[in-house]
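Enquirer: In order, the protein sequence lines correspond to chains A, B and C.
This note's numbering applies: residue 12 is where the first sequence begins, and numbers increase by one.
This note's numbering applies: residue 2 is where the second sequence begins, and numbers increase by one.
This note's numbering applies: residue 369 is where the third sequence begins, and numbers increase by one.
Simulated from the structure, these hints should not be mistaken for lab results.
Don't take each hint at face value.
Claimed, not checked - No farther apart than 25 Å at their CA atoms in a straight line, the calculated lysine to any residue pairs in the SDA-like style are these:
| hint | chain 1 | residue 1 | chain 2 | residue 2 |
| --- | --- | --- | --- | --- |
| 1 | B | K247 | B | D133 |
| 2 | B | K247 | B | G152 |
| 3 | B | K91 | C | A456 |
| 4 | B | K247 | B | S171 |
| 5 | B | K91 | C | E387 |
| 6 | B | K247 | C | A648 |
| 7 | A | K126 | A | L28 |
| 8 | B | K247 | C | R639 |
| 9 | B | K247 | C | L652 |
| 10 | B | K91 | C | P381 |
| 11 | B | K91 | B | R322 |
| 12 | B | K247 | C | R628 |
| 13 | B | K247 | C | S641 |
Claimed, not checked - Derived Cβ-Cβ restraints for the label pairs, each shown as a range:
| hint | chain 1 | residue 1 | chain 2 | residue 2 | range |
| --- | --- | --- | --- | --- | --- |
| 14 | B | E363 | C | G576 | 20 to 30 Å |
| 15 | A | R78 | C | D441 | 33 to 43 Å |
| 16 | B | R252 | C | G572 | 34 to 44 Å |
| 17 | B | E363 | C | A648 | 21 to 31 Å |
What the hints assert, rightly or not - To give a feel for the contact side, a few chain B residues facing chain C, derived at Cβ under 8 Å:
| hint | residue |
| --- | --- |
| 18 | W52 |
| 19 | V97 |
| 20 | L136 |
| 21 | Y309 |
| 22 | S310 |
| 23 | I312 |
| 24 | H331 |
| 25 | D338 |
| 26 | S342 |
For each residue, glycine too, the CB sits at the ideal point set by N, CA and C.
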Amino acid sequence: MRTIEELIATALIFENLRAEQLGVIAGCGREEHVAAGAFLLREGEAAERFFLIRRGSVALEVHGPGRGAVTIETLHAGDAVGLSWLFEPYRWQLDARALEPCELIGFDGACLRGKCEADPELGYELMRRFAANLVARLQATRLQLLDVYGDARASA
Amino acid sequence: MALEHVIERSDFDELFAALSRRGYTIVGPTVRDRAIVYDELRSVADLPVGWSDEQGGGHYRLTRRNDDALFGFAVGPHSWKQYQLPPEVKLWEARVDERGALVDAVEPPRTAPRYAFLGARSCELHAMGILDRVLLGGSHPDPGDRARAQGVFVVAVQCGQAGGTCFCVSMNTGPVAERGFDLALTEVIEDERHYFTVEVGSDRGAELLRDVPHQPAAGHERIAAGAVHARTASQMGRELDTAGIKELLYRNYEHPRWDEVAERCVTCGNCTMVCPTCFCTTVEDITDLAGEQVERHQRWDSCFTVDYSHIHGGAVRASPRSRYRQWMTHKLASWWDQFDSAGCVGCGRCITWCPVGIDITEEARAIRESEERPGADD
Amino acid sequence: MLEPRLEADPIGPGPMVPEPFEVISRRRDTGDTWTLELERSSGAALEFAPGQFTMLSAGGAGEVPISISGDPDRPDRLVHTVRAVGLATEAICAAEPGRMLAARGPFGEPWPVEQAEGADVVIAAGGIGLAPLRPAILWLLARRERYGRLVLLYGGRAPDQLLYTDELGAWAERGLEVLVTVDSAGPEWLGHVGVVTRLVARAGLAGGDAVAMACGPEVMMRFTVAALREAGVDAGRVFVSVERNMQCGIGHCGHCQLGRTLVCRDGPVYRWSELEPWLAIRDL
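Please put together the full structure from these sequences, using the hints given.
Expert: As structure tokens, then:
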């Protein structure tokens, strides 16, 4: 039976953190399971948690009338789900829905924000990692936006 | 409630004749295609004499009675809706000229047949009132709707037995009709006698009754009629707790029960066709091949069809789950906010005529109970 | 006025009978969008409030709800900007000057242009969503002194997809701050590129008692309104225009239901604070 600390140690987003920093982070987390089709977070709701996917996959979706739910991106084992917990106004911008049964580590965002306030060095380390994650996702999104495959009409 | 008069069964035909003489087109229940439907009646013999019905979830059978009751059944697949809001109405027709203009537009005459509804039940009177509010209560009432609403002579019949899926008691719409009729009859069959007690509901009803042999109702006859009413009220096949139902459903748009019922619902739309208050229509412009004649038709539609909610990009309610949820929440909840009345009258038709027997009272109960006992929903 | 042949009917034609309008001018705005100016055959102007719509049809090809995009102070011309996406709209867009269309209306709840007097007004439009907002813009500019800042945030897919580009300059001269952005563009475009939500921050809104009016694809409206609220605009002072399937336009056919409202009757313009809980429900 592994501890939360052991379970998160291998995640890319927590790479190279010191053992006691991992311990603080683990203190705000717990194991969770969600069924296929369940929502991890909903657009507009307060962003008080985030998740690390241990097993399974999650779709980030935007819903609208007529188009239904459009998947923007999918996240898998090792990925963090939820970035808005770290930045004001702490509100989810998208829906995140489990595509299959998932094993997650769920983190209390308010708890972790508090820990970062108390320990700026931990805060800096987390901010660096999440910022890097954001930059990578931003670049990927820009590439998606370019619609490089296009169609005959668009490229004319 | 004062029951004032009595008509013997042997004089009932006079009631029928009196309506005919006044030029009414009499519509009422008759047996056809192994069901009791509403159609034009030429004589009392067209009524379902001696017939009853056996109803349950997805179940309807006619059965023979051991008496000659004229109204010994509940309600069938038809409702009076087909006269208030006909399944197909031609709104207008016109010629299209060379510039694309609609010329010589003709609307059908605003007159409608002078109907007499013979055998309308309490739940149905409530349904007619609800439908009138939808069609006539807004800021753009259609004169055709108004023409159809005026002048209908209503002979109500107080139910002598509840149907297997009835829940008018829960919805406060019966079983006894208290208003909205010209005459209201209660059929009483005793060993030696077959008669109707009659309550007059309007001047027009009183005037008609003068042409029909009748007597003041005696005490024991009033008691007999009251016993019929009480017996029917005790026989309800279903129950629906309406306390706070609007808020209950508004709170539960994401309830897992919708997924569960969606696995059963085949979105056939039967419920909307038989429901006496479902009013949705579609508007179609139909042209001839040359595009020189156009007609605008209004036809019954159902929120269960995929393209009912179609906008550019697709249907808003693409899933059966969302469509069943729309129908049920409209009927029991949002109808209140849209039209300031209930949408459901507890007639049970949607339960009887659903091919898989989905029961609106059961679905509402499941959602309510899951709130009272979390985890109980199964 | 169409003259239906009826026996002595004092009521007049039913609300489902349209009136004839002649196409006076037709202009192509984008690849699939045209603006038509119509004149009512009876001669009388069709008075309307900004944000209202008509049920429009061409020679029996079907009726569609189209927002009025003309000047409410000049109702002698009925103006519609239409996107050709199906049979009915294609027939309407194909109607050249001299051809006849048919219209019923106007219907619906309008933009709160009078209630916004005294405040800053932010108008956020996405794509063809600018068309139902144009009457509001013209109304506000005609009464410029009654309002504080007037700001237009307009986003489109690409430079050649923008509407009313020949008017934006004139509007700016009359006191409308105009910020335009596109999702992507080639090097000849010197304006903003990015989503319209990013323009909200650029506008430097003060919040306070500002009134916002937004129209565009529903997803765009949701995110734009979120940005406006972050900028301090109160949810009770944000108004949006939504679209649902409409068949009758008069509250009878049931198709346009959105939760507990009928869009043709209670909308298409809604106060955001009242609409938001309903738009959050998927597949409602």
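Enquirer: Does each hint hold? Answer for all of them.
Expert: Going through the hints against the structure:
At roughly 22 Å between alpha-carbon atoms, B:K247 and B:D133 fall within 25 Å of each other, so this suggested pair holds. The hinted pair formed by B:K247 and B:G152 fails the criterion: a straight-line CA distance of about 34 Å is larger than 25 Å. Restraint check for B:K91 and C:A456: satisfied, since their Cα atoms lie roughly 20 Å apart, inside the 25 Å limit. In summary, the hint linking B:K247 to B:S171 is supported, as the alpha carbons are separated by about 15 Å, within the 25 Å threshold.
The straight-line distance between the Cα atoms of B:K91 and C:E387 is roughly 18 Å, inside the 25 Å bound, and the hint therefore holds. For the proposed pair B:K247 and C:A648, the alpha carbon gap of about 18 Å is at most 25 Å, so the pair holds. Distance hint between A:K126 and A:L28 is fulfilled; the C-alpha atoms sit about 15 Å from each other, no more than 25 Å. This hinted pair checks out: B:K247 and C:R639 have alpha carbons roughly 22 Å apart, not beyond 25 Å.
A distance of roughly 16 Å separates the Cα atoms of B:K247 and C:L652; the hinted pair therefore holds under the 25 Å criterion. At most 25 Å may separate the alpha-carbon atoms for a hinted pair to count; B:K91 and C:P381 meet this at roughly 14 Å. This hinted pair does not check out: B:K91 and B:R322 have alpha carbons roughly 33 Å apart, beyond 25 Å. Between B:K247 and C:R628, the direct Cα distance comes to roughly 10 Å. Compliance with the 25 Å bound is thereby established for this hinted pair.
Of the pairs offered as hints, the one joining B:K247 and C:S641 holds, with about 20 Å between alpha carbons and a cut-off of 25 Å not exceeded. Here the CB-CB span from B:E363 to C:G576 is close to 52 Å, at odds with the stated 20 to 30 Å. The beta-carbon spacing between A:R78 and C:D441, approximately 37 Å, falls within the hinted interval of 33 to 43 Å. The supplied range of 34 to 44 Å is met by B:R252 and C:G572, whose beta-carbon atoms lie about 40 Å from each other.
At roughly 28 Å, the beta-carbon separation of B:E363 and C:A648 lies within the given 21 to 31 Å, and the hint holds. Nearest Cβ of chain C to the Cβ of B:W52: about 34 Å, over the 8 Å cut. The hint is violated. Interface restraint check for B:V97: the shortest CB-CB distance to chain C comes to about 5 Å, inside 8 Å, so the restraint holds. For B:L136, the suggested interface contact is upheld, since its CB lies about 6 Å from the closest CB of chain C, less than 8 Å.
A distance limit of 8 Å between C-beta atoms decides the matter here; for B:Y309 the minimum to chain C is near 6 Å, and the interface restraint holds. A cut of 8 Å between beta carbons decides the hint on B:S310: the least distance to chain C is about 5 Å, and the hint holds. The interface hint given for B:I312 holds, since its Cβ lies 6 Å from the closest Cβ of chain C, which is under the 8 Å cut-off. A cut of 8 Å between beta carbons decides the hint on B:H331: the least distance to chain C is about 7 Å, and the hint holds.
Hint status for B:D338: holds, given a least beta-carbon distance of 4 Å to chain C, under 8 Å. At its closest, the beta carbon of B:S342 sits 13 Å from a beta carbon of chain C; the interface hint therefore is violated under the 8 Å criterion.
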